[in-house]
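Q: Okay, here's what each chain looks like letter by letter:
2 protein chains.
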Amino acid sequence: MKPISVGLVGLGTVAQGTLQILKNNRGELTKRIGRELEVKHVGARRNRDGVDLSGIRISRDLMEVAKNPEVDIFVELIGGVDYALDLIETAIDSGKHVITANKALIAQYGNELFEKAQAKGVTIAFEAAVAGGIPVVKALREGLAANQINWLAGIINGTGNYILTEMRDGGRDFASVLSEAQALGFAESDPTFDVEGIDAAHKLAILASIAFGIPLNFAAVSIQGISGISLLDLSCAEDLGYRIKHLGIARKTKNGVEMRVHPTLIHETQLLANVNGVMNAVQIHGDAVGSTLHYGPGAGSLATGSAVVADLVDLARLLTADPINRVPHLAFQPGCLKNLPILSIEETLCPFYVRFSVRDETGVLAEITRILAGHLVSLESVIQKDGVVGEPVVLILLTHTVHEKALNNALSDINRREFVVGQPVVIRVETLGDQG
Amino acid sequence: MKPISVGLVGLGTVAQGTLQILKNNRGELTKRIGRELEVKHVGARRNRDGVDLSGIRISRDLMEVAKNPEVDIFVELIGGVDYALDLIETAIDSGKHVITANKALIAQYGNELFEKAQAKGVTIAFEAAVAGGIPVVKALREGLAANQINWLAGIINGTGNYILTEMRDGGRDFASVLSEAQALGFAESDPTFDVEGIDAAHKLAILASIAFGIPLNFAAVSIQGISGISLLDLSCAEDLGYRIKHLGIARKTKNGVEMRVHPTLIHETQLLANVNGVMNAVQIHGDAVGSTLHYGPGAGSLATGSAVVADLVDLARLLTADPINRVPHLAFQPGCLKNLPILSIEETLCPFYVRFSVRDETGVLAEITRILAGHLVSLESVIQKDGVVGEPVVLILLTHTVHEKALNNALSDINRREFVVGQPVVIRVETLGDQG
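Sequence order for the protein chains is W and E. Residues in the first sequence are numbered from 0 upward in steps of one, following numbering that gives the first Met the number 0. Residues in the second sequence are numbered from 0 upward in steps of one, following numbering that gives the first Met the number 0.
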């Protein structure tokens with residue numbers, strides 16, 4: 000079957016991430032789809048260093064991509080509103096499906112664009128427009144489709160959340176954190192869209208529409224930024240058990256729909272209050288499921304590229320498989336499952352928590368650590384619990400990452416010593432990072 | 000267009016939730032799909048009180064449902080392995096699509112069942128088999144399809160997480176919390192599947208397969224339960240900055256795949272460490288997106304029913320729309336969008352944080368609370384910050400839920416008083432509950 004042909008405009012952060020994923024994961028993607036994705040045509044006013052476009056047609060006139068009859072799917076990643084709108088309308092007119100990461104465009108012109116696409120028998124996919132790499136559009140439109148959505152609340156601007164997190168953690172004021180974020184590239188030189196809540200309002204308008212089934216209405220969102228948040232308020236909120244986050248909130252009430260973006264106190268026991276730095280999260284409440292929360296990176300080259308490529312896979316599956324086999328049962332085409340070896344538990348590599356009961360004698364800790372070191376088990380921390388004189392002493396060790404087998408060997412050596420009382424308790428530690 | 004005809008076997012917790020959602024949200028579901036879902040035939044060995052099955056054919060012989068040629072989609076919600084397998088194979092043989100919440104069945108017989116379904120041109124949907132109402136199968140197979148998945152780690156058994164949470168919060172041992180959980184209906188009378196990790200291992204085997212594209216291999220999962228976890232270890236872990244959670248972990252390493260279920264220390268700053276009670280969460284790490292986390296109720300009648308009905312919507316959309324319009328742009332069919340009124344910010348109903356600077360005079364707090372009460376604004380808490388004598392005093396108020404307009408009226412009264420120094424700072428509070 001001939002590859003699905005992709006045309007892409009823009010060569011900024013998200014476009015670079017998208018191209019890199021399509022290149023790095025080409026083999027896996029073909030196994031997921033059952034067909035190849037091929038970037039045929041890229042439109043960019045200027046090339047960027049380090050972007051490999053070999054074998055791809057390049058045009059300085061972006062309209063050439065939108066009109067190219069050989070392109071099946073048109074991916075718009077230039078941002079901005081007016082020219083992006085022209086390009087997408089042209090692509091639709093020439094019968095192409097469209098993928099965009101452009102929240103401003105969808106929030107402001109989505110109603111017209113969707114109508115036009117419908118009339119032409121094509122679709123517009125926009126997972127990347129909201130909350131970067133978090134598949135929250137899919138969750139709302141499909142995963143939670145059983146529900147009447149009551150409300151949703153999200154941290155949907157990474158720059159704003161980074162600033163509030165740094166203010167709180169570092170005790171530094173808004174202006175100082177903002178200028179540092181600009182120097183680090185986390186904030187734009189004109190930060191208005193992020194810190195004044197406009198970007199979040201674009202995303203909220205989209206989320207509210209797909210939650211409640213109402214037309215897009217960006218103009219109706221109430222917007223307040225975070226530039227007025229002081230350290231004093233962060234600390235007073237904390238005294239009350241709250242954190243201040245910049246939330247987008249949409250709620251269906253009996254009188255109508257609330258859509259608002261503003262600094263908000265959330266109790267510190269809530270997961271949303273513990274979403275820090277540039278991370279995003281959207282909590283959604285449905286009448287059947289109750290609350291679900293969807294967390295991940297809200298921006299970044301590869302993270303947002305992940306959402307663009309997910310839309311490509313979705314569309315390519317629709318254009319390829321018979322509907323019933325749209326998504327393979329185990330995510331990859333049946334003939335493409337890998338028979339990877341499954342490791343035994345002794346081959347696990349992770350840190351360990353070990354609790355010993357030992358006799359209250361001198362030299363015991365030294366002997367235990369000597370034996371562990373002999374098996375190349377090194378320690379991150381040791382706690383000795385004060386106990387009753389004459390009773391066994393509790394020793395807690397936290398190891399660095401080791402093979403379970405090495406630890407087990409060390410422990411059977413240690414267990415033979417007379418100072419050990421009973422079996423030690425061993426519990427694995429998960430760092431939620433790469434441990435291999 | 001004639002309705003999609005659904006046959007359902009089982010009348011337990013999940014079946015009841017599924018039937019209730021199909022009834023309560025019938026209108027919304029039709030607007031999402033563009034076609035009606037109709038439960039035509041229910042198979043149950045005995046009826047249950049309070050389940051309204053009027054107008055639905057009922058059979059005591061469940062095979063009648065699996066064979067009924069008028070049924071398009073067969074929903075298996077009886078649980079257990081042997082008979083469920085018979086039923087599903089019969090349904091596939093008679094050309095029906097299948098939806099199941101049966102994790103044991105998929106984990107142990109999924110490879111054969113998927114092959115059989117593929118050969119017959121039907122599909123088996125199983126979102127409800129993993130993590131209840133959280134759409135994590137969809138996230139892995141579709142939302143994160145751009146990624147090579149590196150690892151995932153999840154709290155995927157609500158009973159186990161409830162027990163560990165109660166042990167930690169209440170300082171009570173395993174046995175005492177378990178018997179309370181049994182009395183409350185959170186744990187089965189035979190709790191082995193939950194507390195010894197077998198249920199979690201079923202789910203982990205499914206997650207690992209769809210993450211890495213490997214055949215299902217439940218027998219290869221290393222399993223350890225939580226019945227050996229002591230209060231001493233919970234508190235020692237806490238001294239080190241960790242929580243103990245019962246995790247399912249799957250990781251792709253250069254040597255092969257790890258699949259393991261066991262008690263695990265996770266640092267308290269991680270979101271997973273803060274997932275408490277019966278809630279579930281799965282953290283997934285992909286090479287492009289980095290970490291995402293998917294949180295929600297892992298069990299329960301309506302929550303698991305939400306996943307069953309999401310699969311019904313998915314299948315019904317495939318059987319109804321042309322592929323390109325499978326999922327409507329704004330989640331509901333274009334002709335079905337509602338023009339709900341959008342409320343102004345003054346109509347917002349929520350608690351508020353208000354910080355005043357006031358002159359250091361007696362009677363100021365009394366006067367402020369008197370004016371607030373006059374506008375029906377009541378207070379949850381008040382903090383007066385110690386300051387320098389002669390300088391303005393900082394007063395922090397947290398109100399109960401009020402209309403923003405009422406608060407604004409009260410504040411303009413208060414601002415006219417001479418004791419007020421500068422403008423008060425007002426920040427909204429979000430309780431993440433129903434505020435209307």
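These are computed hints drawn from the structure, not numbers from a lab. Hints are not guaranteed to be accurate.
Claimed, not checked - Output of the computed footprint for chain W on chain E, the stretches with three or more beta carbons under 8 Å from beta carbons of chain W:
id	region
1	106-115
2	185-194
3	197-203
4	210-222
5	270-276
6	354-367
What the hints assert, rightly or not - Partial selection, computed: residues in chain E whose CB lies under 8 Å from chain W:
id	residue
7	Lys137
8	Asp238
9	Gly285
10	Thr291
Backbone N, C-alpha and C fix where the C-beta goes; we use that ideal spot for every residue, glycine too.
Q: Look at each hint and say if it fits the structure.
A: Hints and how they fare:
| no. | hint | result |
| --- | --- | --- |
| 1 | 106-115 | holds (count 3) |
| 2 | 185-194 | violated (count 0) |
| 3 | 197-203 | violated (count 0) |
| 4 | 210-222 | holds (count 9) |
| 5 | 270-276 | holds (count 4) |
| 6 | 354-367 | violated (count 1) |
| 7 | Lys137 | holds (5 Å) |
| 8 | Asp238 | holds (6 Å) |
| 9 | Gly285 | holds (7 Å) |
| 10 | Thr291 | holds (3 Å) |
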